[in-house]
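K.L.:
Using the sequences provided together with the hints, build the complete structure.
Protein chains: 4
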Amino acid sequence: MGLHYNLVAGKNLDRLAALSDGVFGVALTLLVLDLRIPVAESIHGEADLWHALLTLAPRLIPYVMTFMTVGIFWVGQQTQLNLFARGDRTLTWINIGFLLVVTLMPFSTALLAQYLTFRVALAVYWLNIFLLGAALYAAFKYARAAGLIKTDVPAQLCTAVERRIIVAQSLYAVGAVLCLINTFVSIAFIVLVQLNYVVAPRIGWLYRL
Amino acid sequence: MGLHYNLVAGKNLDRLAALSDGVFGVALTLLVLDLRIPVAESIHGEADLWHALLTLAPRLIPYVMTFMTVGIFWVGQQTQLNLFARGDRTLTWINIGFLLVVTLMPFSTALLAQYLTFRVALAVYWLNIFLLGAALYAAFKYARAAGLIKTDVPAQLCTAVERRIIVAQSLYAVGAVLCLINTFVSIAFIVLVQLNYVVAPRIGWLYRL
Amino acid sequence: MGLHYNLVAGKNLDRLAALSDGVFGVALTLLVLDLRIPVAESIHGEADLWHALLTLAPRLIPYVMTFMTVGIFWVGQQTQLNLFARGDRTLTWINIGFLLVVTLMPFSTALLAQYLTFRVALAVYWLNIFLLGAALYAAFKYARAAGLIKTDVPAQLCTAVERRIIVAQSLYAVGAVLCLINTFVSIAFIVLVQLNYVVAPRIGWLYRL
Amino acid sequence: MGLHYNLVAGKNLDRLAALSDGVFGVALTLLVLDLRIPVAESIHGEADLWHALLTLAPRLIPYVMTFMTVGIFWVGQQTQLNLFARGDRTLTWINIGFLLVVTLMPFSTALLAQYLTFRVALAVYWLNIFLLGAALYAAFKYARAAGLIKTDVPAQLCTAVERRIIVAQSLYAVGAVLCLINTFVSIAFIVLVQLNYVVAPRIGWLYRL
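Chains A, B, C and D are the protein sequences, given in the same order. Under our numbering, the first residue of the first sequence carries the number 1, and numbering increases by one thereafter. Under our numbering, the first residue of the second sequence carries the number 1001, and numbering increases by one thereafter. Under our numbering, the first residue of the third sequence carries the number 2001, and numbering increases by one thereafter. Under our numbering, the first residue of the fourth sequence carries the number 3001, and numbering increases by one thereafter.
Be aware that a few hints might be false.
[Unchecked claim] Derived pair list, reagent style BS3-like, types lysine-lysine, alpha-carbon separation capped at 27 Å: (1) D/K3150 x B/K1011; (2) C/K2011 x C/K2141; (3) B/K1011 x A/K150.
Hints listed in this document are in silico derivations from the structure and should not be mistaken for laboratory results.
P.N.:
Right under this line is the structure:
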């Protein structure tokens, strides 16, 4: 019958976690490269520099927003991996696809920071978040189907993980649609959704989202 | 007889894996730096931005292709390391050479993205893939000869690992030669080979490649 | 009653440490990107290059200063994590906030290097250090309140950790206020504070800081 | 008497290794950023691109040389850490200093690649290698004095580790002095020294270096 390469490849969850932490670490740090210090020629005194920094401040918004997004998905992936007893090559490849989408976040963020009022920029940003969610969802569905989940994890918890992704993505989609009003309403809504996931307020229905 | 430094150096497979994950993580994330957001001066409305992004889209092809390549070789290296009981300094150095070739991938990819129709660019890209395969093959051959492989790994599996690299490299070479027709045929063939290794369809002869 | 996602998310301290090491590693290495080699056009001989490098040398000061700062906070975070028995999602998010502030250090450093005599630049640099300390302090206070600290850690040690942050931040604040004289006095004072934390001289009152 | 913060800080060798692997991984990958693909305007056909790549090829020499240097010192640090039973904050800080010098390698390499015939550039490159060796030597000397070395490590091996650094640095110093003839003789000599440490030929006196 033969020993197929595919049966032994990609089983190491620790290495997958380490590669992920590397990619996330670099992506998070690259975001800041987009923040350029004011050019020396235009700065003749303290007031000029102060003014230049104030002008730069709005660029911090998409930057912090992306930091939250990437953080949310890092926590999400970590939570999944903790529930898995082992990996296989399909799970590894779904996760490499997930990392591909993670590395696109600095691009989407720079695009949104530059074109804050453009619906196209917001749509690209939303698409990026959607693909992050889709990859995590696919990874978890696959892991359940392939029996990779630890045997002591209750089915209820698995359902909670999946529901979480679907609810979050529905909220992000609502946020994206709000750009029909204008992009600032969209961004405000998305930031609120993210703050909810970051802070996780212990308020009944919010906590259960 | 004396205790030689060389006998104690480079034995730590965990650190080799961690360095590799660092290099792979950075290399994967750097790829996207090549994707630049459209310059503000030329964008006067949503339609302009939409058009600019569509123009950018073809650059995603070599980017995704390289992400797959790097992913394939990351899985390949991980699979090897999992089979090793321990390392030594020769194995470490072959792997550092492997990482050197990994860090060249962003260059080869940018070159191919910029000169998509040039056979020279495709040849450089293929050479990079070839060197990745050659380094992994050398690492495994050496590990077998030096008795670094875990004792419970069947010889059949070792043969499968080596055969895998030779078959893959033969296919990549065929892809490279196809640039005699034109570079798009080459790229399409290479992408198909990579998709096969990523998806690993359970179709008889494909699965056994 | 239901299994909430929030109860299982973000428990993995090892992954938090790995993400942190990734972010710190990239941030430390990015600092040097600010050091540009002299442009070829202006260099006609050994003397020109020697002169150009001497001109570049002062830029090394904020660079080394930031390396010390980032190193101090890396040691600080590591020391905390070693005292924790486990994590939870709030602790994880405070630490992600901490990493956000870490990634801003290359920006603050470049700003200070470019505008060494500007109080605004020094204030931004100090604010960045202050936020680093505030995040670490919040993380530790939270961990104590939430019972995440290992049971064998004496309360005295916890108090020492908190006191350490407060004393250090008070000294940095004094350093910042000294910019009312001029920024070089500030920088000299801050470097002395940092050297004290790096070298940790076993001199009575200094050691106890 | 009190529990001093300094007694519990910086004890985690695993985190030190992880930070190091992060810094090394980024530094190794950044080297390649110096290799720029040929500018499109000047390329009108396959022959132009081929020619442009040939012109670029000499830049690969300092790049590969630095990859070897960084690899040698990564193996050196790893070998040391494997011999240590535990760390302390002084050892941690010597290693952070070591990492500072590692992050300067991309700068020194770019400088040498740009000014291949300048003795000043070679002197800077050599100084960087010297500081790497000095930091590793200091770390090991300190670890021995502070009793951080595993008890089953024979004194003979410790002496071998120290001798190794001194012999290597002497050879690098000879290489640097050879720039009095010209820089190419220096570079050739340094590359030969590095190849000896990479390949570790089992030839009597070379092997014992």
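K.L.:
For D/K3150 and B/K1011, compute the direct alpha-carbon distance and say whether it is at most 27 Å.
P.N.:
holds (16 Å)
K.L.:
Holds or violated: B/K1011 with A/K150, Cα cutoff 27 Å?
P.N.:
violated (32 Å)
K.L.:
For the pair supplied as a hint, C/K2011 and C/K2141, confirm whether the alpha-carbon distance does not exceed 27 Å.
P.N.:
holds (18 Å)
Of the hints listed earlier, the one the structure fails to meet is number 3.
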